[in-house]
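Visitor: The residues making up each chain are set out below.
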Amino acid sequence: MKVAVVTFPGSNCDYDLYKAAQQVGADVDFVWHRERGLDEYDAVLLPGGFSYGDYLRAGAIARMSPVMEDVVTFAGRGGPVLGICNGFQILCEAGLLPGALIRNAGLSFESKDVLLRVEQPDTQFTSEYAEGQLLRVPIAHGEGNYEADAETLERVEAEGRVVFRYVDASGEVTAAANPNGSRNSIAGITNESGNVLGMMPHPERAMEAVLGSTDGIGVFTSLAASLSAVAS
Amino acid sequence: MSHFRIEIRVKPRPGLLDPEGKAIHRALRSLGWDGVDDVRVGKAIYVDLEATDTDEALETGEAMCRKILANPVTEDFSVSVVPELEGAEA
Numbered sequence: 001m002k003v004a005v006v007t008f009p010g011s012n013c014d015y016d017l018y019k020a021a022q023q024v025g026a027d028v029d030f031v032w033h034r035e036r037g038l039d040e041y042d043a044v045l046l047p048g049g050f051s052y053g054d055y056l057r058a059g060a061i062a063r064m065s066p067v068m069e070d071v072v073t074f075a076g077r078g079g080p081v082l083g084i085c086n087g088f089q090i091l092c093e094a095g096l097l098p099g100a101l102i103r104n105a106g107l108s109f110e111s112k113d114v115l116l117r118v119e120q121p122d123t124q125f126t127s128e129y130a131e132g133q134l135l136r137v138p139i140a141h142g143e144g145n146y147e148a149d150a151e152t153l154e155r156v157e158a159e160g161r162v163v164f165r166y167v168d169a170s171g172e173v174t175a176a177a178n179p180n181g182s183r184n185s186i187a188g189i190t191n192e193s194g195n196v197l198g199m200m201p202h203p204e205r206a207m208e209a210v211l212g213s214t215d216g217i218g219v220f221t222s223l224a225a226s227l228s229a230v231a232s
Numbered sequence: 233m234s235h236f237r238i239e240i241r242v243k244p245r246p247g248l249l250d251p252e253g254k255a256i257h258r259a260l261r262s263l264g265w266d267g268v269d270d271v272r273v274g275k276a277i278y279v280d281l282e283a284t285d286t287d288e289a290l291e292t293g294e295a296m297c298r299k300i301l302a303n304p305v306t307e308d309f310s311v312s313v314v315p316e317l318e319g320a321e322a
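If you're matching them up, the sequences are chains V and G in order. If you count the first sequence from 1, position 140 lands on 140 in the working numbering, and the numbers rise without skipping. Numbers in the working numbering are just positions in the second sequence, counted from 1, shifted up by 232.
Just so you know, the hints here were simulated from the structure itself, not pulled from any lab data. We put the CB at the ideal spot given by N, CA and C, even for glycine. Just to be clear, a hint being listed does not mean it is correct.
[Stated by the list, open to error] If you want a taste of the chain G side facing chain V, the calculated C-beta under 8 Å gives, among others:
(1) L248
(2) L249
(3) P251
(4) E252
(5) I256
(6) I300
Okay, chain G solo, but in the shape it has when bound (with noise of 0.2 Å):
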């Protein structure tokens, strides 16, 4: 078994309405960036876990996103490993 970190990037589905993104949106244009087009607000959940190799830690990530931390309604994800950052750990 081998250490990964994996990202999961999670974000409003395309057409969605996303509230937050639009009141970014507007905010970035009231202090001069007028050439903004478009802004969506997603999350990204760094999830650090012991797997036989990366092919079964990007699968046990997409399992959580299935599971849990992504809904299909509004959601789509996206999972990768990443490297782990220095001074990030706890």
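Isolated chain V, as found in the complex (with noise of 0.2 Å):
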């Protein structure tokens, strides 16, 4: 399994990211942003991070990279592409997922954990997760306040490509369980076909039980299983 992540200037989760993938046993390579051809890898990682300094909106300028126009073309080819935190925004800003994360409703950068509850397992990156299993995973965002019009919104639901919402302790969506203002509590969609997952919460900072949670390990092992089952 060869896994990229994509680095821009301002990463500053790839190498998070860079281990939470080896530690599912995968082959990882660090792919500058001014670097061409994914064609090699199994899957494609967008690290979180302020890329370009979040100028403009946070998002916008990495999407011009021209590593991004192969993350285009990998994606619509199918293969599996996950972006967190700043990953999801330029994800967002590329296209490849509908919507756009403005400015935390409450103006505060949030930094701490929240819990996500597991919406759709059955994705390449949630299959080792039970629907409706809840995940306490980091967040650590300014921008993460998910916003879409209601057509859009109503058509992510109805087809099930919500994956991920914040909800309390009792695994509920409530207004204070939202960390951000996101619309109906979204922390994590897919594009139509599934393949692409954006994501504001951290599963790459949830590995190991010295860092406070392992319950983002479920991510990066339904990835291994899901490309292994294809490599069979």
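Dock the two chains into a complex; use the hints.
Guide: Right, here's the structure in full:
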């Protein structure tokens, strides 16, 4: 399993993501945003951070990087693409995912653990989770407020493309449990064909007990399982 | 070709929550401006360019907005040609 972690000027979760993919047995390379060609990889990961200082809009300039053309091609062929935090913002800006991420409703940068409910276990990134399972995973963002028009929201909900939602300890969607004002408490969504996932929370920071949670592992074991199924 | 300065205004779409505008609204009210009904925050981007005429300068600015400067999901934009400010040259 060969995995690319795409890095941009200002990425800062790239090593966490590298290590997370390595932890599930992947052979991982960093691919600098100016490099071209992702054909040799089985999965492409876009890390969190502040690419280009979030200038203009978070992810807006990174999405014009040369490598993003290859990410679009890779995704178009059905290759699994995961964008976390700034990676999610870049995928939205690139048009690979619908909607946009705007300033947190409370204006504050939110850095804390949140609870996520797994809404959709039928993806390459969540097959190792059970539907309704609660995950404790950290968030760290100022612009994670998921926004889309009513028609888009209706469609992603109807098509089962909301993968993670912010919930409280009893697994309920509440305003208080929504850390950033996201529509429908959406924390992660996929594209139409399900091979591109964007999420604001950081599963790659919840990979070891010493980090406070191991609930993020499932994202990476799911991906590894789906890729080994393809290979065999 | 002539030199133009265009002003691109990008602002949150109507109905979209603008947390920054809300915070400024609260600040203005707390300073005594009770009559303030709403505040929206956008940005202005000034681009100096060469174009054959005003229409081409405006069209170029609009193309820039569609490509990168504005996000159609959350933002509206307008483009106009403005006089160059005195002392604004780098």
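Visitor: If a hint holds in the structure, say so; if it doesn't, say that too.
Guide: Hints versus structure:
1. L248: Holds. Min distance 7 Å.
2. L249: holds, 6 Å
3. P251: OK, holds: P251 (chain G) within 8 Å of chain V, min 5 Å.
4. E252: holds, 6 Å
5. I256: violated, 10 Å
6. I300: At about 6 Å, which falls below the 8 Å cut-off, the nearest Cβ of chain V leaves the hint on I300 (chain G) intact, so it holds.
Of the numbered hints given earlier, the model fails hint 5 alone.
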